[in-house]
Every structure is written in structure tokens, then in C-alpha cells.
Amino acid sequence: MNSIDKLLAALDAVDNPKVNPDRVPKSLPNPGKSNDIEELLNRVKRDFEQKELVELQTEKVKLHQEQQQKKANLEKTARQWLNNLDPLSGEGLWFTDFARNFSSPLEAAIAYLEPHDHPQT
39 MNSIDKLLAA
49 LDAVDNPKVN
59 PDRVPKSLPN
69 PGKSNDIEEL
79 LNRVKRDFEQ
89 KELVELQTEK
99 VKLHQEQQQK
109 KANLEKTARQ
119 WLNNLDPLSG
129 EGLWFTDFAR
139 NFSSPLEAAI
149 AYLEPHDHPQ
159 T
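Our numbering applies: residue 39 is where the sequence shown begins, and numbers increase by one.
In short, the hints are calculated from the structure, not lab data.
Predicted model, so just to flag it, every value in this text is computed and none were measured.
Glycine is no exception: its CB is placed at the ideal position from the N, C-alpha and C atoms.
Straight line, CA to CA, 16 Å or less: simulated EDC-like cross-link-like pairs of lysine to aspartate or glutamate:
1) 109 to 145
2) 114 to 152
3) 109 to 152
Pairwise CB distance ranges, derived in the manner of DEER restraints:
4) 108 to 73: 51 to 61 Å
5) 98 to 123: 32 to 42 Å
6) 77 to 97: 23 to 33 Å
The task is simple: from the sequences and hints, build the whole structure.
Right under this line is the structure:
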């Protein structure tokens, strides 16, 4: 080869480098697609967390309402029990002594009836 041919070959090698096909990855990662997937995953995660939070809050409200209803039912039962209690009976005399530790007979009746309202098994 003469010097001109060598120069042309060198220029051609610079412009068109020979690449080993085994060294080139078959598909280069597309940073745009990766970001889109990450964004989608984050959105799904946020949606799931938000849904879970709403469910927990709903359950908390429901539990609070159930507790209020149980309290109201127990108070109603205690009032009925007090109305039916004969103060001169054995139970009535015992209850009068028991109620001295409470601010009101209703509070004492609730404290007395509550364990009976929720029997342990």
C-alpha cells in the first residue's frame, strides 16, 4: 500500500470504526421508558396507599360508631335495670352500698352491668 492508500484507510477507520457485534448490547435501555415505568409504579403505589388510608379511616369511624351505640345501649339497659330495682331487696341494698363508690347510681349501674353485658367465654 502506498501512503495515500494508508491515509484513506486510516480516515475510513476513523469514520467507520469496526465494531465487534458481541460487545454491543442488543437493546440499550431507554431512559425515557424507565422513567415512565417508575412514574407509573409510584402512581400505583400512591393510589394503593391512599385507598388503604381511606379504608382505615372508614374502619375507625365505623368502630367509633359501634362503640357509641354499645355505650348508648348499655346506658339504656342500666336505666331500665335501675327502674326495676327494688331498693329494699337484697340486691337493692347491696347496690346502694356498691353505688357509694360512684358519682351517680347510673354510673354504678353501668359499671355493674357492663361485665354482664360482655360475658367472657
